[in-house]
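Throw the hints in and build the complete structure from the sequences for me.
Going down the list, the protein sequences come from chains A and B. Just so you know, we're using the numbering used here here: the first sequence kicks off at 390 and counts up by one. Just so you know, we're using the numbering used here here: the second sequence kicks off at 963 and counts up by one.
No lab work stands behind these hints, which were simulated from the structure alone. Hints may be right or wrong, so weigh each one.
Said to hold, decoys possible - Lysine-lysine pairs mimicking DSS-like chemistry, simulated, CA-CA at most 25 angstroms apart:
hint, chain 1, residue 1, chain 2, residue 2
1, A, 532, A, 512
2, A, 553, A, 523
3, B, 1210, B, 1194
4, A, 398, A, 418
5, A, 474, A, 413
6, A, 512, B, 1166
7, B, 1124, B, 1063
8, B, 995, B, 1185
9, A, 474, B, 1129
10, B, 1033, B, 1185
11, B, 1194, A, 474
12, A, 532, B, 1065
13, A, 431, A, 445
14, A, 418, A, 431
15, B, 1129, B, 1065
16, B, 1185, A, 474
17, A, 474, B, 1127
18, B, 1124, A, 503
19, B, 1166, B, 1194
20, A, 431, A, 398
21, A, 474, A, 532
Unchecked claim - Rough simulated footprint, nothing fancy, chain B against chain A, three-plus residues with beta-carbon under 8 angstroms:
hint, region
22, 475-485
23, 490-501
The beta-carbon is built from N, C-alpha and C at its ideal position, and this holds for glycine as well.
In case you want the letters, here they are:
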Amino acid sequence: MKSRQYTTKVLEIEIDSKNSSDIKDFFNKNAPLFSSHLIVIKGVISDEIREFLGSKSINFIENIELKQRKESKRESLLKDNLIVKDSIIRSGQVVDINGDLLILNRVNSGALVKVSGNLIITKLVEGTIECSGKFLMLAASNKSSITFNGVKVDNSYLKDKLNKIELIDDEIIITPILKKEINWA
Amino acid sequence: MGLVIAIISGKGGVGKTTASANLALGIAQNGIKCVAVDFDIGQRNLDMILGLENRVVYDMVQVMDKEATLKQALIKSKVSDNLYFLAASQTKDKTALESSKVKELIDELKSEFEYIILDAPAGIESGYEHTIEFADSAIVVVNPEVSSIRDADRAIGILDSKSQKVKDGEEVDKYLIINRINPKMVQSGEMLNSEDILDILNIKLIGKIPEDKGVIDASNQGKPIILDKNSKAAQAYKRVASRMCGEKVDLEDIESQKDGLFSKISGIFK
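Next comes the structure, spelled out in structure tokens:
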């Protein structure tokens, strides 16, 4: 068996099988535009339309519903439920957020920040962090306790600089971000 | 109307009561009518540090319970006509305080005095909450050590959530005093420096007090250290009191001061 992988443009159409004139009119006008497309037709088409599309040399498949790609990575990182906190998180304070959180201040020793989504903290973390999102970005001292998706992260890797902690293929990847690259403007 | 300032710390033994006594006296010496109130019900000490323990007849709980008038309970300082003292009850506990009664007492004090200094108990229990409840501002006293900083951080968090001013949508002004600074230990890196502490607590610095052995003796004798002209701590307290009275006094960098013979000699050539 031989196989090849292509990336192609798809035109997905849904037609009313009783009224074949609509699709004929459309392709009589626009066939050149879609000569290199794959036409995906939802539902079953009549023999008449099948012959018509063949006569126009149009590539098509019928009775197929394409699976939508879930959501792009970029979209998943920028949900609209982002909460921004500008105040210092002090000892004894508990911040429990269902969603994504951006903290523009310190998380002091004795404070707890629990987030179901992604978390970015722009100043030093000395408290306890529990993050269950796809990524976590912080700089943490050795006083901190960082748990990412249920796994305790060794904070000796997180000192003095901002780090991105990601869950990729069930593995926790820590990437340090150099100070010169940070531009919070 | 008077200004209510709570002296808080979270941790015990950092010098809250000493600071209360010295700042109240320092403010009074600046010509401002001031009262120091001991809110540490059951464990009062401010009377001893001010040297007024043998003059306490009525306490603040008795005033709140209408067993005595405020005038009867207020004790005038021996060293300043502008300073008065209101003692805490030594026989009752912190449950003796009720918000409505505390408010009534504070309102009465505000009509009589320009500055009302409240010496908070250690910890973050109900006694502490009642002290900060009606305060306009707070002075946080810390020692340059991590446990003191963390407890102060917790106390500030409670202040920012439970004071009446915050509930009314305003902000309680918070100032920091770093007490018992040992310049040698700061220079050698054994003690936290002011920048680190300010970074963690994120409030305005109002003064640095150097470690001074004379403070213990002064407290034991009931003569606040601020009365000792030769004491470094006294000078530092005077500067803080002046700042509290609105004077512009530059912060002294006591952390880089050196006492040794070599530094004195080298100082001559600077």
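Problem set entry | Restraint status (C-alpha distance of residue 1033 (chain B) to residue 1185 (chain B) at most 25 angstroms) | holds (24 angstroms)
For this session: Given the hint that residue 431 (chain A) pairs with residue 398 (chain A), test it: the Cα-Cα distance must not exceed 25 angstroms.
Result: holds (16 angstroms)
Problem set entry | Hinted pair residue 474 (chain A) and residue 413 (chain A), Cα distance within 25 angstroms | violated (57 angstroms)
Exercise. Within the region 490-501 of chain A, is the number of residues with a Cβ closer than 8 angstroms to a Cβ of chain B three or more?
Worked result: Answer holds; 5 residues pass the 8 angstroms Cβ test.
Exercise. Taking 25 angstroms as the top limit, are the C-alpha atoms of residue 1166 (chain B) and residue 1194 (chain B) close enough?
Worked result: holds (22 angstroms)
For this session: Measure nothing beyond the straight line between the CA atoms of residue 553 (chain A) and residue 523 (chain A); if it is 25 angstroms or shorter, mark the hint as holding.
Result: holds (10 angstroms)
For this session: Take the C-alpha atoms of residue 1194 (chain B) and residue 474 (chain A), compute the straight-line distance between them, and say whether it is at most 25 angstroms.
Result: With Cα atoms ~41 angstroms apart, residue 1194 (chain B) and residue 474 (chain A) exceed 25 angstroms; violated.
Problem set entry | Claimed coverage, the region 475-485 of chain A by chain B - three or more beta carbons nearer than 8 angstroms | Check passed, 5 qualifying residues.
For this session: Please work out if residue 474 (chain A) and residue 1127 (chain B) have their alpha carbons no farther apart than 25 angstroms.
Result: holds (21 angstroms)
Exercise. Is the Cα-Cα distance between residue 418 (chain A) and residue 431 (chain A) 25 angstroms or less?
Worked result: holds (21 angstroms)
Problem set entry | Given pair status - residue 1065 (chain B), residue 532 (chain A), alpha carbons within 25 angstroms | violated (40 angstroms)
Exercise. Does the alpha-carbon distance linking residue 398 (chain A) and residue 418 (chain A) stay inside the 25 angstroms limit?
Worked result: Measuring from Cα to Cα gives roughly 19 angstroms; hence the hint holds.
Violated hints for the displayed structure, listed by number in ascending order: 5, 11, 12 and 16.
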